[in-house]
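Novice: These are the residues of each chain, in order.
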Amino acid sequence: MFDDFFIRALVAGLGVAIVTGPLGCFVVWRRLSYFGDTLAHSALLGVTMAYSFQFNIALSVFIISSIIALILIQLQKKTNLPGDALLGLLAHSSLAVGLVVIGFLTFIRFDIMGLLFGDILAVTLNDIIIIWFGGALILLILKLIWKPLFASTVNYELAEAEGLNPDRAKAIFTILMAAIIAISIKMVGLLLITGMLIIPAAMARNISDSPIKMVIFSIIGGVLSVIIGLFTSLEFNTSSGPSIIAAALLLFILSLFKIKQSVQLKN
Amino acid sequence: MNDNILVKLKNAGFRIKNKWLVQSVSFQVEKGKIVTLIGPNGSGKSTTAKIALGIFKKIEGEVEKYTNKVGYVPQKISIDWTLPLRVSDFMVLTENIKNEDIDEALSLTGVIHLKNKNLGSLSGGEFQRVLLARAISKKPELLVLDEPVQGVDFTGEIALYELIKKISDELNCGILLISHDLHTVMSATDHVVCLNGHVCCSGSPIDVARNNEYKALFGEQASKTLAIYEHKHDHTHSNDGEIKKN
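For the protein sequence lines, the chains are H and Y, in the order given. Those letters in the first sequence? Residues 1 to 267, by this note's numbering. Those letters in the second sequence? Residues 1001 to 1246, by this note's numbering.
The reader is advised that the hints may include incorrect statements.
Unchecked claim - In silico negatives: residues of chain Y with every beta carbon more than 10 angstroms from chain H:
1. 1005
2. 1017
3. 1028
4. 1041
5. 1072
6. 1080
7. 1090
8. 1100
9. 1115
10. 1165
11. 1190
12. 1201
13. 1209
14. 1211
15. 1216
Stated by the list, open to error - The calculated DSSO-like cross-link candidates involving lysine-lysine, where the alpha carbons are at most 30 angstroms apart (straight line), are:
16. 147(H) to 170(H)
17. 213(H) to 1010(Y)
18. 1117(Y) to 258(H)
As the list claims (entries may be wrong) - Taking CB as the label site, the calculated pair distances span:
19. 1100(Y) to 70(H): 53 to 59 angstroms
20. 1062(Y) to 125(H): 22 to 28 angstroms
21. 88(H) to 1165(Y): 50 to 56 angstroms
22. 1010(Y) to 100(H): 56 to 62 angstroms
23. 1040(Y) to 97(H): 53 to 59 angstroms
24. 93(H) to 1061(Y): 40 to 46 angstroms
25. 146(H) to 1004(Y): 33 to 39 angstroms
26. 167(H) to 1067(Y): 43 to 49 angstroms
27. 1082(Y) to 254(H): 19 to 25 angstroms
28. 78(H) to 1100(Y): 48 to 54 angstroms
29. 1026(Y) to 70(H): 28 to 34 angstroms
30. 1018(Y) to 89(H): 28 to 34 angstroms
31. 156(H) to 1098(Y): 49 to 55 angstroms
It should be emphasised that the hints constitute simulated quantities derived from the structure, not laboratory data. A quick note: this is a predicted structure, and the numbers were derived from the prediction, not measured. The C-beta atom is built at its ideal place from N, Cα and C for all residues, glycine as well.
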C-alpha cells in the first residue's frame, strides 16, 4: 500500500502532525517560535553535510541543529547580547553557510525548492520509518519530562523549589526540538517547520481551557492540516509545505470564531 | 545528628556581584516546628527562603536540605497566561495528587468552588488561597510560606494562620514562614529569626521579645500588638551590604 507516493506522503505527514502537536504547545507556551526558526534554518547546513558525506539526512540535520542549540546556550552565557539578536545571528549565518556550501557542491543537483518548502514526491519508505519511530521516541521522552517541563513553564522557581530539576528538562526539550525538525524537514520544508509547530497549537489555544485539551486539539489541528494540505497539493500541484501551512491557517481563522462566541457569552 | 532536621543553613549568604542581599544566616527547620523570619523590607527574608529551597545555587556558606517533599508559596508569582490553566491543573503542577486530597486542601483554604475556574480569572486573595492549598495538598515535610496571606481579607487571614498552625501539628511538617504580622508570629512560632541583611537576633518568641535589639527594632509591646515599628540600628549598611557599627 506504500507504493503510491501520495499514500506515503500522507502516512509521513500524519506522523509529523502527531508529534508537532504537543511540541508546538510548548513552543507557544515557552515563547520559542524564533528559537524553532533558528534550528530550522540551521537544518539546511545539516542537509548539505548529509550530501557532502553521503550521510542520512535526518541524522545529519539532527546533529547540526543540536550543535547550533548548544552554541546558542554557550553564547547566551558568555556574551551580553540579547537572546533575539543571538538567535538571528545563528539563524542567518547557518543558513548563509549552508547556501555557500551548496554552491561548492556543483556535482550534486539540489532541489532547493523541495528543501525550503517540502516535497511529497521525495518521501520514501525509509523516511516513513524514521518519522514514525523517531516520532514515537520523541513523544515518549516528552511524556517522561512532561512534569518538570510543564511545571517550570508555569513557574520556574516552584519547579526548582519542589525538586523537579527544570534545567535538565529544558535541555532535553531543546534536543527534542532539533529531532522534530530533523524528521519533518522533507515533509514541510525548512522554512515552514516552525509554522507546523506554532499554527495548530495557536489554533488549539483559542478553543481550549486546559493544557491537555490544548495538546489534543493541537494534534487534531495538525492532522487535519496535513490531510487538507496534501489533497490540495495533489489536486493543484502546489508544494506540500505551503499547502499544509495554509490549511492550518484556515483552521486557525475558524478557531477565532469560537473565541468571539465565548467573549459574547461572558458579556 | 538530629534526624528531625529538614533544612539547615550555616553562615549562608547570597550576593549579586558585590551587593550582598543577605549574609551570615544560620538557623534550622525541624519537623513539627515553625520558624519565622521577620524584618523590614529588603532585609533578605525572601532571599533566605530561596537559599533554603535551593533556588539560589551560588551561595556563600552552607545549606543542607534533608527532604525533597517541599511545598512552596512564593511571595511573587508571575504566571504566563498564554497557558490555559485551571485551578485543578495548577494543583497537580509538581506532583500527582489524589482528587480527594485536592478537594480537601481547596476546602481547607476555602476555595473549593473555584476548582474548575481558569487561574487567570481569580482575584489576588483567591489566588493566594489556591497557592496555599497547592502547597499543603502535597502533604510536604517542609513548607516554605513567603507571606502566604497577602491580599487575603482580615477574617480569612486569621483563619489561614490557624490553618497553618494546624497543618504543622497534623502533618508534623516543618514550616519556614515569612510574615509581617508580628502578632501571629509571636503567638504561633517556635523560633524567630529577625533579619536585617544579616541575623539581628534569633531565638524563641519570648527570648526575642526580651532581646534589646528586638525591642529597638519592634518596640516594647510588640508581642501583644501589631506594632507599627520604628527602626533603630546600632549599625548601618554600606552599598555592598557590609555592616558598619555606629
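Novice: Take the hints in turn and mark each one as holding or not.
Specialist: Each hint tested on the structure:
no.: 1; hint: 1005; result: 17 angstroms, holds
no.: 2; hint: 1017; result: 14 angstroms, holds
no.: 3; hint: 1028; result: 18 angstroms, holds
no.: 4; hint: 1041; result: 20 angstroms, holds
no.: 5; hint: 1072; result: 4 angstroms, violated
no.: 6; hint: 1080; result: 7 angstroms, violated
no.: 7; hint: 1090; result: 7 angstroms, violated
no.: 8; hint: 1100; result: 20 angstroms, holds
no.: 9; hint: 1115; result: 12 angstroms, holds
no.: 10; hint: 1165; result: 22 angstroms, holds
no.: 11; hint: 1190; result: 22 angstroms, holds
no.: 12; hint: 1201; result: 27 angstroms, holds
no.: 13; hint: 1209; result: 31 angstroms, holds
no.: 14; hint: 1211; result: 31 angstroms, holds
no.: 15; hint: 1216; result: 34 angstroms, holds
no.: 16; hint: 147(H) to 170(H); result: 11 angstroms, holds
no.: 17; hint: 213(H) to 1010(Y); result: 46 angstroms, violated
no.: 18; hint: 1117(Y) to 258(H); result: 19 angstroms, holds
no.: 19; hint: 1100(Y) to 70(H): 53 to 59 angstroms; result: 45 angstroms, violated
no.: 20; hint: 1062(Y) to 125(H): 22 to 28 angstroms; result: 59 angstroms, violated
no.: 21; hint: 88(H) to 1165(Y): 50 to 56 angstroms; result: 54 angstroms, holds
no.: 22; hint: 1010(Y) to 100(H): 56 to 62 angstroms; result: 57 angstroms, holds
no.: 23; hint: 1040(Y) to 97(H): 53 to 59 angstroms; result: 56 angstroms, holds
no.: 24; hint: 93(H) to 1061(Y): 40 to 46 angstroms; result: 44 angstroms, holds
no.: 25; hint: 146(H) to 1004(Y): 33 to 39 angstroms; result: 34 angstroms, holds
no.: 26; hint: 167(H) to 1067(Y): 43 to 49 angstroms; result: 21 angstroms, violated
no.: 27; hint: 1082(Y) to 254(H): 19 to 25 angstroms; result: 20 angstroms, holds
no.: 28; hint: 78(H) to 1100(Y): 48 to 54 angstroms; result: 50 angstroms, holds
no.: 29; hint: 1026(Y) to 70(H): 28 to 34 angstroms; result: 40 angstroms, violated
no.: 30; hint: 1018(Y) to 89(H): 28 to 34 angstroms; result: 31 angstroms, holds
no.: 31; hint: 156(H) to 1098(Y): 49 to 55 angstroms; result: 26 angstroms, violated
Taken one by one, the earlier hints fail for this structure at numbers 5, 6, 7, 17, 19, 20, 26, 29 and 31, listed in ascending order.
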